[in-house]
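Participant: Read top to bottom, the protein sequences are chains S and Y. Quick note, in my numbering, the first sequence goes up one by one and the last residue is 993. Quick note, in my numbering, the second sequence goes up one by one and the last residue is 173.
Simulated from the structure, these hints should not be mistaken for lab results. Predicted model only: the values in this text are computed from it and were never measured. Note that CB positions come from ideal geometry on N, CA and C, so glycine has one too. Any given hint might turn out to be false.
Across the chosen pairs, the derived CB separations fall in these ranges [to be verified]:
no. : chain 1 : residue 1 : chain 2 : residue 2 : range
1   : S       : Ser925    : Y       : Asp9      : 44 to 52 angstroms
2   : Y       : Ala138    : S       : Leu941    : 52 to 60 angstroms
3   : Y       : Thr146    : S       : Arg924    : 35 to 43 angstroms
4   : S       : Asp892    : Y       : Glu135    : 21 to 29 angstroms
5   : S       : Ala937    : Y       : Leu61     : 41 to 49 angstroms
6   : Y       : Asp9      : S       : Pro908    : 19 to 27 angstroms
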Amino acid sequence: MELEPLDNIADFERELQSALARRPAPPDLKRKIVGRLWQQASRSHRRMIWMERLAAAVILVAVAGGAAYWHHEVEKRRGEEAKQQVFTALRIANHALEQMNAQLAEHNRDAQ
Amino acid sequence: MAGDWQPDFEQLIDEHQSMVFSLALRMTGDRGLAEEIAQDVFLELDRHLNKIESPLHALLWLRRVAMSRSSDALRRRRVRRIDQWVEIDEIHGAQAEERPSPLADRVERLLATVPEPQRAALVLRYQEDLTPEEIAAALGAPLATVKSHLHRGLKLLRAKAAIHLKEYVRGT
Chain S
882 MELEPLDNIA DFERELQSAL ARRPAPPDLK RKIVGRLWQQ ASRSHRRMIW
932 MERLAAAVIL VAVAGGAAYW HHEVEKRRGE EAKQQVFTAL RIANHALEQM
982 NAQLAEHNRD AQ
Chain Y
2 MAGDWQPDFE QLIDEHQSMV FSLALRMTGD RGLAEEIAQD VFLELDRHLN
52 KIESPLHALL WLRRVAMSRS SDALRRRRVR RIDQWVEIDE IHGAQAEERP
102 SPLADRVERL LATVPEPQRA ALVLRYQEDL TPEEIAAALG APLATVKSHL
152 HRGLKLLRAK AAIHLKEYVR GT
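Turn these sequences into a full structure, and let the hints steer you where they fit.
Facilitator: Shown next, in the form of structure tokens:
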């Protein structure tokens, strides 16, 4: 064994090149990369399923809400119509009563 | 024909994992972080696979992105020199069968103490055997800057070697 300081630039560059030769990647690197890809794909698939479920739920709520609103509007319109019919009937009855009242008053006057 | 080339992701991993991992390892000095960076780089490659036009394009893309992600990781972590030395010790412990010569081992440790831009230029020059022009392209830096980094980095590394490595023996 002899002592040999690195005093030569060519030696030094050669040692540097040798020291910096590519190292082998960890043996399971490829497996981990592929595993992460699958995880991402699976996460994306799950996210897609949830988005579809959410979209379906939103559509369902919108349809149910629309139906309820439509039903409410129909009922309201029917109620309005019924109310108008009652008012009309009351007006007719009132008119008839007024006529009857007038006839009774005339009849009383004639009797006196 | 180059236009007919279809990238095979797993084949690209097989071909380039050593390069990507080694670049990240030399830049960060941290085996765990280097592995994480290598995984991220290949996942990013998968997202950009439709834009990769040829095997050479894949190689250049991976080299550039590996360097860029390593710099990002260093910026986030700001690893202190002493940490890098300790971690490189761990690396060598983990891969005893892959260890270079003791002198090369020490040269690699010293490299971890060189400033990041100079280290990047040196790693691309001596690990990847690139010309200054190719290094400039890989780092997106002006050629004069790269030449300056190479010159200063080599000078600094030699000065450190003169202090720390002069007692080392190369076997006969």
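Participant: All hints are to be evaluated individually against the structure, with a verdict given for each.
Facilitator: To see whether the hints hold, each was checked on the structure:
| no. | hint | in the structure |
| --- | --- | --- |
| 1 | S/Ser925 / Y/Asp9: 44 to 52 angstroms | 22 angstroms, violated |
| 2 | Y/Ala138 / S/Leu941: 52 to 60 angstroms | 56 angstroms, holds |
| 3 | Y/Thr146 / S/Arg924: 35 to 43 angstroms | 41 angstroms, holds |
| 4 | S/Asp892 / Y/Glu135: 21 to 29 angstroms | 25 angstroms, holds |
| 5 | S/Ala937 / Y/Leu61: 41 to 49 angstroms | 46 angstroms, holds |
| 6 | Y/Asp9 / S/Pro908: 19 to 27 angstroms | 20 angstroms, holds |
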